[in-house]
Amino acid sequence: MDLWQNLPVALIILPLACAPICSVSKPRVSRMLSLCASVFAVLMSAMLILNVSSLGTSYVYKMGEYGAPFGNELFISGAEASVSLMFSVVMALSLFAGLRRIGQEIDDSRKSLFYTVCMLLLTAIQALAFTNDIFTGFVFLEITTIAAGALIFVRSKEGSLFAAMRYMIMNLLGSGLFLLGICVFYCLTGHLLFPQMKESALLLVEGGRYVRPIAASILLITIGLAIKSALYPFHTWLPNAYSGATPAASSMLSSLVSKAYIFLLIKFLVRAVGTEAFTMTGVNDVVFIYSVIAIVLGSIDAVKEHNVRRMVSYSSVAQIGYIFMAVSYGSMTGMAAATFHIIAHSLAKAMLFPAVDRLSEVSGGNENFRDLRGSGFRAPIAGLAFVVGAFSITGIPFLGGFVSKIYIATAAHDYGGWVMLISLIALAVSTVLNVLYFLRTVLTIYRPGERYPLTRDPSKRPFVTGALMLFVLLNVALGIWGMPIMRLIETSIMAW
Amino acid sequence: MLNVIYSHIEEAAAIVLFAIGFTTLLVNKNLIKKIIGFSMMDNAIYLFLASYGYISGRTAPIYVDASTEASLYVNPLPAGLVLTGIVVSVSVTAIMLALTVRLYKRYRTLDIDEIAEFVRKEGA
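Residue numbers (the numbering used here), protein chains in the order written: chain Y, 1 to 496; chain F, 1 to 124.
Certain hints may be false.
What the hints assert, rightly or not - Result set (DSS-like, lysine-lysine): computed pairs, CA atoms no more than 25 Å apart in a straight line:
1. Y:Lys26 <-> Y:Lys111
2. F:Lys105 <-> Y:Lys157
3. F:Lys105 <-> Y:Lys111
4. F:Lys121 <-> F:Lys105
5. F:Lys121 <-> Y:Lys304
For the record, the hints were derived by calculation from the structure and aren't laboratory data.
Using the sequences and the hints given, assemble the complete structure.
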């Protein structure tokens, strides 16, 4: 075994080791430590993806050299490595972009704990990306939930405690369903590792035995994870939670937490159930209906919203609908498109929250989009970042969101029939609505207003500017060189 | 039907308990009762797992110069899962209780609708 094959474990252990140190050190020290750890995680993820793509296949890492059935394993292929790289990059850049806000909005006594929670979150999502064992998945799912809840209530703003409470309640309902689902599935298949589960599940389904319990457990797991990642009827906690948190935390909640849940669902469906069993049980039809509703109604909610941060939060509801729609086709192309959209949307959304925050900062702290007039001139980089993020989510060519929308449409086309028609209509309607609310805001921030001058804001924000510029570059790069990444994801998902 | 339920009495009880816990967590207004519902829901799942993991007539898989015959022992994995799960739900319960204490100190009520009303007034 080569030395680089230990990188996934290092990615999990490094932030885990930093977390307790952060919790007992002074805020300055823990800030330095968590920034260094997240940058180091980016480097390690980059090394991992380079090595995995040159290796060409996947590999299994046995923890402590114990094999199945009692051992615990990590499974690494191109898709896991790219999602893990996205997680590390978003974590590092949102920390850098939100540094100043963290300093202002969080009490001094809690700053170290904030960084501790960030490190725990990084550990948990990396573990969710790599794990090959469903119960390990559950444990890290709960760690992610706790860390995400803490990210919301760490800020002592009115309403953030209540938002955190609602977030936790909905998430615990989801975890309960997920846990029941994996227990039933474990009792049926007798395994916890994905490949062995799939073997037994296929034997059972082909023999026509226990088909209904298997369908029920798949439904439980899918609904559990759908609640946790805010698919439409379960999204009510989302806008308050995202807009109540500090900008760095909003980026992490929208781009890391919910995306880690969906990636776990994709892994479970492809590697433990098999797409044939998934489509045979009819669970995918349920997911499809809800995702279409999510796409349309999430966009309508965003159009109705005047607060820019809440508007950006509502657009997440629609985008999560896209991902679930791609999952619901139950085909390999659909799963690959969903994975790519996870990456593209995360990079765009994690950039929008700090950009909106900077734009409202130069407009007297107002978040209503009418008050942002001319803010694109006062904070040029934040304006550019907002435009790029909005265009990427709308699906303008040469940006990440365009590539993923094409792949989702292709996957819909492969499925054919009514589903294709409904998907394409949903895509079209939501694109129009996206244009409506994002273009409205883009035009507003570049229209001169009377209250504030059009000159550049004199305050220097090197970290925000740097992080936003990197985000912009990444989004453009993903749009232009999206094909190799997509091919890497597609080939590795085919081989799962 | 009754026979099946009687021979799987633990699983049937677990599902009933899960349903009670889930509904309480979802619809009850009182935060403490919600947390009790959550604990019930999780414990029901552990009961379900533990009852599947136990095979009557077999002993715990602890090897003390006895027979190495595998059929004498039960599978240790479900018990391990239950233990892990208990640790997870205890920590989640702790964080929920801590949140409830902070909400109560601030709003002097445990009713989630009343808290929502207060929050709306604060925001306005």
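Going down the list of hints, with the structure as the test:
1. Y:Lys26 <-> Y:Lys111: Holds, because 8 Å separates the two Cα atoms, which is no more than 25 Å.
2. F:Lys105 <-> Y:Lys157: Holds - the C-alpha atoms of Y:Lys157 and F:Lys105 are around 15 Å apart, at most 25 Å.
3. F:Lys105 <-> Y:Lys111: Between F:Lys105 and Y:Lys111 the Cα gap is close to 22 Å, so the pair holds against 25 Å.
4. F:Lys121 <-> F:Lys105: With a Cα-Cα distance of about 17 Å, the restraint between F:Lys121 and F:Lys105 holds, given a limit of 25 Å.
5. F:Lys121 <-> Y:Lys304: Holds, at about 22 Å.
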